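A.B. asks: Sequence:
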Amino acid sequence: MFVLDCSVALAWCFEDESSDYADKVLDCLEEQTALVPRLWHLEVLNVLVVGERRQRIQPPELQDFLKLLTALDIQTDKYSPIIEDNALFHLAQTHQLSAYDATYLALALREKLPLATQDKRLRQVAESLGCYFQIQP
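Mapping the sequence shown onto the UniProt record's numbering, position 3 (from 1) lands on 3, and the numbers just tick up by one.
For the record, the hints were derived by calculation from the structure and aren't laboratory data. Since this is a predicted model, take the numbers as computed values, not measurements. Glycine included, every Cβ here is placed at the ideal spot set by N, Cα and C. The hints are all genuine.
The following label-pair restraints were derived from C-beta to C-beta distances:
(1) Glu52 to Phe89: 32 to 38 angstroms
(2) Ser98 to Asp16: 17 to 23 angstroms
(3) Ile74 to Gln134: 18 to 24 angstroms
Make the full structure from the sequences, and use the hints.
C.D. replies: Okay, structure coming up:
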């Protein structure tokens, strides 16, 4: 099991964001489960809505991508961060992350799972904390 950041999932949808890393993470999902925060669903949906408005993706491709996501073993974390969550605020402040990125990092740290991300800053922080999802060649 590993934590899946939105940046990796969207690389499966948008060709200009694709990477070998994202493809290998997708391959890993054939045998493993991904854990995502509740935020993940809204982030993915928002990027798809904006992508369709800007004509980065056409409706048939969007539907194919949604079918792919539905077919994958992706579980949603039950915990929902609240404004009083000092640990999340501390992570964001300490590592100069957005609250969104800190949510993924906090989930990985709390569950002691590696974090799969394409976000450069989030990857650096995850590597420094020993929780980056390394793909074996």
